[in-house]
Structure formats: structure tokens, C-alpha cells
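> In case you want the letters, here they are:
There are 2 protein chains.
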Amino acid sequence: MAKIIDGKQVAAEVRLNLKNEVQEFIAAGNRAPQLTAILIGNDPASQTYVNNKMKAAQEIGINSCTKHLPSSISEDELLKIIDELNENQSVDAILVQLPVPDHINERKICNAVKYEKDVDGFNEINVGRLALDMETIVPCTPLGVRQLLKYYNIETKGKNAVVVGRSKNVSLPIAMMLHTDKSHHDRSMDATVTICHRYTPRDELKRYCQLADIIVTATGIPGIIQADMVKPGACVIDIGITRIPIEGTDKTKLVGDVDFEAVKDIAGFITPVPGGVGPMTVAMLMKTTVKIAKNLAFKKL
Amino acid sequence: MAKIIDGKQVAAEVRLNLKNEVQEFIAAGNRAPQLTAILIGNDPASQTYVNNKMKAAQEIGINSCTKHLPSSISEDELLKIIDELNENQSVDAILVQLPVPDHINERKICNAVKYEKDVDGFNEINVGRLALDMETIVPCTPLGVRQLLKYYNIETKGKNAVVVGRSKNVSLPIAMMLHTDKSHHDRSMDATVTICHRYTPRDELKRYCQLADIIVTATGIPGIIQADMVKPGACVIDIGITRIPIEGTDKTKLVGDVDFEAVKDIAGFITPVPGGVGPMTVAMLMKTTVKIAKNLAFKKL
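Heads up: the sequence lines are chains H and P, in that order.
Take -10 as the starting number for the first sequence in my numbering and just add one per residue.
Take -10 as the starting number for the second sequence in my numbering and just add one per residue.
Do not rely on the hints blindly, as some may be mistaken.
One copy or two, either will do: identical chains are not told apart, so a pair holds if it fits within one copy or between any two.
Said to hold, decoys possible - Using 30 Å as the maximum straight-line C-alpha spacing, the simulated BS3-like pairs for lysine-lysine come out as follows:
(1) Lys97 to Lys288
(2) Lys157 to Lys44
(3) Lys56 to Lys171
(4) Lys280 to Lys97
(5) Lys157 to Lys280
(6) Lys97 to Lys146
(7) Lys(-3) to Lys44
Because the hints were derived from the structure by calculation, they are not lab data.
Can you build the whole structure from these sequences, using the hints too?
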């Protein structure tokens, strides 16, 4: 029976530590860290995400602000707003809630956020620096996965890891951190890493997973990771999150990529969905906001 | 018996095509593409590398120039020279021959070369763009590997690939191109990719290699890839290059990472060392120089 990785508890600890850190930072004569979110249009999911982030910020003592823009906004107008925030000295961290409307180039927007303020780590410079093992801003979900592995003392050096999925914001940064040289950067983990994706045949996926000490899955395909794919004692991190109907009712529930009930009897560690990686994403966003505020404050000195 | 991948021949074809392309470019009223190399100090290997590149450039009709600087040059002086080249409109492509002397920060120098002129693709912006499947400049050796796979019609989509090594200039870009989504970028290859390195236990390395349809090795450890590690029919690309003594003589020879004589009886395709990937690196440097010259010329229009 696997140990259940309690993302809620770890996230609560992270947030409590940040609250103290922010108090000390302010007591030392600095203004409170500041986070600005840009929310475009009226997608209910995006609104919920942004609200949760803003609520977490307030609890920690981070000043937060949401710029809610109409979905009709032009790319140029949006770029102008981002540029003002880039230059505004009372703004530390900037996030643009994705997705943006179809008429706006998402990559252009991600690159427009000044890399020093880019709390999501999506700017091409931050991505390049991550790939080069340089000091940078790492996206929040990958950072949360790393923190969970660290918290539960999951050994990574020389171990076999599989990352299922190849998204640029989640899977790729995780694969990057897992395989790189720990002597070059604190966040690196020295694992042997296999990246699987939609063109990996299912029997090959099974084979690679069976070799893995660590499986990190982020596909949004419920049940893609089954019990017979998991090595006894392996650590299974589930980033997938899908809403499915509960049979025989008109209700829905959230499930991950992993067949949790069966896999938990085989794995050594497993994250539940919800309550695993999810809560860590917001906590890491807060951690990065505080880091950015400190960087900018020290730069000004 | 494997088909021997003839890097010399493919490189010669690439260079011939480039020669024609350059002639047409000039005939259309443009000045010849220009490549400037910065060579610091008197390392004989570095001098040979730079000379080979300059010679290849001349044969193709690329204007070339080597700035030979003393190893005593300061970082600031070097940065100033790079900046002048960045601004100089008669310079297209810039390369700094690595390694630089110990008192100079290599990463700072790589980032100082303007990303549009960064023929080696080492600037952090180009690395980030590669990771994000954006239009960018890809380092020459990885580009050469991709070209060889393409030339010999080696299927990559859904195939198992192993990259042995995790260097930022060679292995990482190869792993990146091999695993990414071909529908996003022409250079992407949709393979399942495993990245192995110094902390991959040798028996695990063997296991991953045995599963691989494509093995790309870049370790500089002669004989690390043995015949019993290779699946019959696999494609084996050897980027390692090590000079070793010839037994019983005072002569030396170049060898790769692969036990060529034994592996060639099992593999489907194999690159020799020398004469495999090596010649492709210089050819791809020329290809990128021409690409940069065209980009800059069209930008000026």
C-alpha cells in the first residue's frame, strides 16, 4: 500500500513559511510583494483559477490585483498593458491566465512579460535558462512536483523516470529538471529520463513505465496509467486532471491519469487527484512571487 | 551488416547545394554571406577547428574572417568586440570558438552574441526557442544528426530513441528535436526519447539501448556502446570522438563511443568515426551562415 503524497499538507506548510517570510521582508522595510494577474474574457474555469491564486496571495500577505480585460481586446492593446506593468515599479510578478483568445498569439504574450517578472516562467529567456541549468524562474507545476519529491525524500539520482506527456509548460520543464546535473544546479535531479507522448505506442509506454522508479504523468487521459504498468514501490505523480460524470448520477468528479485505486496497492508513493500536485501549483506561484519581489528589491538597493 | 552512414558524402552534397544557393543569392544583388569567428589563445585543436570552418566557408563563397585574440584578453574587452560585431552590418554570422579561457564566463559570452547572428545557436534565447518548438538557430552538430537521419530515411515517429550524454550543445538539442511534435515544427521527430548520462547505471544504459530503434551517443567514452546493447537493425549515431594510441606504435587514431567493428554486424545503420557526424557539423555551420545572411538581408528590405 503506497504512501499517499499529501499535496494539501505540503502546500499548507509552504504557504505558512511564505507568510512568515513576507512578514520579515516587510519588517525589514520593504513594501509587500505584489502580484498582478491578467484575466481575459469570461471563461468560468479561468476566473476560478485566478480567484484561487489571488485568495492565496492575500492570505500570505502578498498584494494582489487582477486586471480583467474583455475578450475583444486586441493583441496590441494587451501588449501595451503588459508593457506598462513591466515598467511599473510597484508591480513585482505578472501572470497572464492562459488560454488567451484565439486572435491573440499566446507565445508573443508569454514573451512580452519581462523575464524578471514572469512568475509563470513561460518567457523564452526563462525557458532557455532552465534548459541551460541557469538561475531562472521555473513554471509552478514542475516546481511543485520537484518540491513533493524532495519533501518525501524520493531518491532521483541514477533512478529511472518516465514523463508521460510533452507539454511545454508542464512535462518539458519536469523532464529537464529530472535529467540534469545536480552539481550544476540545486533543482537538478540526475535521473535517467524517458519522455513518452501521443506517438509512443501503448505497449512501449507500458514497457518504459515498468522500468521506472518515478512516473510523472500529465496527459489528461483518465486511466492511462494502470496497475500492471507500475513497478512495485515506484513513485507515481499524477498531474492529469479531468472532470468525468459519476455513473448513475448527474454529478461529476475530478480524476487523474492514474487508476488510483489499483495503482496505490503497488506503488511506493502516489499523489491523489485532487489533493496531490494541484495545491502545490498555487503554493509555488506564491513562492515565486516572493522570490521575484526579493530579487527586484535587492536589485534596487 | 549495417549500412554505413557516409557523413562525408552527405556533407559534400550539402556544401555543393550551398555553393549554388550562395551564387544565386549574390546574383540577385546581395553581398556574399559573411561569417566571423573569434578565436582566443593558441590551443592547436581550436585553431584547426576554426581553420577548417574558414576553409569550408571560402569554398562555398561565404566571406570569412577570424579575429584571433590573445588569451590574456579580458571579459569586458571580449564583450566589447562581440558587441561591435553585433552592430556591424557587414557581419552576418558570429561564432566564438569554445572553450574560452578560464577567467572568462562562457555563458555570458554565448549570450552576448546577438541571437540573430548566433550561428552556433548557443544564446539562451535560441535555446529557449528550440525548447518551445519555435523558429530558431539550432546548434550545428544536432542539426547534422537530424540531416543524416533524414537523408537515410530513418523513421523516427513513434520509435524508441536513446540519447547518451546530456551536454547542452549537443545531446540536449538532439533529445529536444527527437521527442517534439512534428506538427509544430519541421525539425521535430515524434520519437520516444530516453536521456542517459553518467549517473545512469551501466546495466540500465544497456537495457534502454536494447529497446532503442535509434541510439545517439556523445560521451567521449570509447566503446561505451557494445554489440550486446544494440537491437538488430537499429540506427547507431556516434558523436563521440577520442584520440587513442595505436597499440605497439607511437601513433594515434580517432575513435568514437561505439565498438564499430562489432556493432556494424548488428545495427541497420551506423556512422563511422571519423567520417560520420564530424563532416556534417561544418556543413551545417555553413548552412546556418547562409540562412542568417538571408534572414538579415530580407529584414533590411
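> Does the structure break any of the earlier hints, and which numbers would those be?
Result: hint 3 breaks, nothing else.
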